[in-house]
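So the protein sequences, as listed, match chains A and B. For the first sequence, this note's numbering puts the final residue at 129, and the numbers step up evenly by one. For the second sequence, this note's numbering puts the final residue at 1259, and the numbers step up evenly by one.
Heads up, some of the hints might be wrong.
With beta-carbon atoms standing in for the labels, derived distance ranges [said to hold, decoys possible]: (1) B:Val1043 / A:Leu114: 49 to 55 Å; (2) B:Arg1241 / A:Glu78: 50 to 56 Å; (3) A:Glu78 / B:Gly1152: 49 to 55 Å.
FYI, nobody ran anything at the bench for these hints, they're computed from the structure. Since this is a predicted model, take the numbers as computed values, not measurements. Even for Gly, the Cβ is constructed at its ideal location relative to N, Cα and C.
Each chain, written out:
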Amino acid sequence: MSDIPEHLYYTEEHEYVGETDEESVYVVGITDYAQGELGDIVYVELPRVGTHFDRMEVFGVIEAVKAVSDLYCPIVGEVVEINEAIDLDPALVNGDPYGDGWMIKLRAEDDDALEGLMSPEDYESHIDG
Amino acid sequence: MARLRWTVVFDPPRDGAANMGVDHALAETVEPDAGWLRLYRWVRPTLSLGRNEPAADVYDFARAEGMGIDVVRRPTGGRGVLHDAELTYAVVAPVAAAGRLRAAYAAVHAGLATGLRLLGADARLAVGAAAGPPRAGACFDATAGGEVVAGGRKLTGSAQARIGRALLQHGSVLIDGSQNIVGELSRQPAVASTPSASTTLREQLGRAPSWEEVATAVAEGLSAELGTGMVGGELPQPAMRRMGSLERHYRSREWTLRR
């Protein structure tokens, strides 16, 4: 059973978005379901701070023992911080995808940054379907 | 994946960039109800690198050139593979139909094992998983859970990538020869190959079957596993139109030496 926290928003491609203490800044990572599907994660390629992304533009790459997958940016905005810890220890994404395994923080360009993202209930239906 | 319309393509030999371009193009253009099995080979011996494998400062590219070995970087993960006396397969399917990545991986390997048993090899699926970072080295040195082994040694090596809404899984079935060259081309002794880690159909059968014989058996095995009614065909036009620019991408030094 995958962990789907109630306070987060989700994409079909298995990224999550969470609010932070700072207004308009959101944290992005991959879901517990996604890390479980990929298996042991061995490499994560993240963008540079300051890079701008459009919605669902590829922001990075994740590689597990055998599988490679692009990472899709769920919101429009600029990267303000990346999680350098997962560069040294990619297994953090497996161990704590919603905590120490977060990937990037973005400053959203739009006021309605979360519009169009899935609720926890919708995401649960998505992965069960 | 059983509800997809499956087509098997027995593709003529191409060089490394073209082979990667075709696999990538099939993934980018796959229709929601279609699945593709491409069986292919290489015009010259080719070292393929994993998408994120460190290589620029690791492999001796001049030496490879001197030995007549091409180098290409794959869109998929994993480590270096020497494509020479082998059959290469690619399975392309929409993610929505392929289901869970691990299930797709297991289904493809079950089909490969079935096909190789038709040839007389004692092909089984490996248990357990060997994890490791995408460091340089020979793919066939490490066996991951679910891969096809014979006599406890690796007979196939496979890797997956999710490209847009498609799943690409491709890999090698070793017919003859040795993967030791991957280690010999490395400047790092640590990645030198372990000869006993892999095996070939020649070792398992006491003879080297032809590419056509292996291709027929693998197609039969995968057809039984992925979906009955798999028909023979040609590469689809949308993929043929797309492959030119992707081939240029895989031919670029910028891509090959990205790490």
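Checklist entry - Any of the earlier hints contradicted here, and which numbers? => result 2
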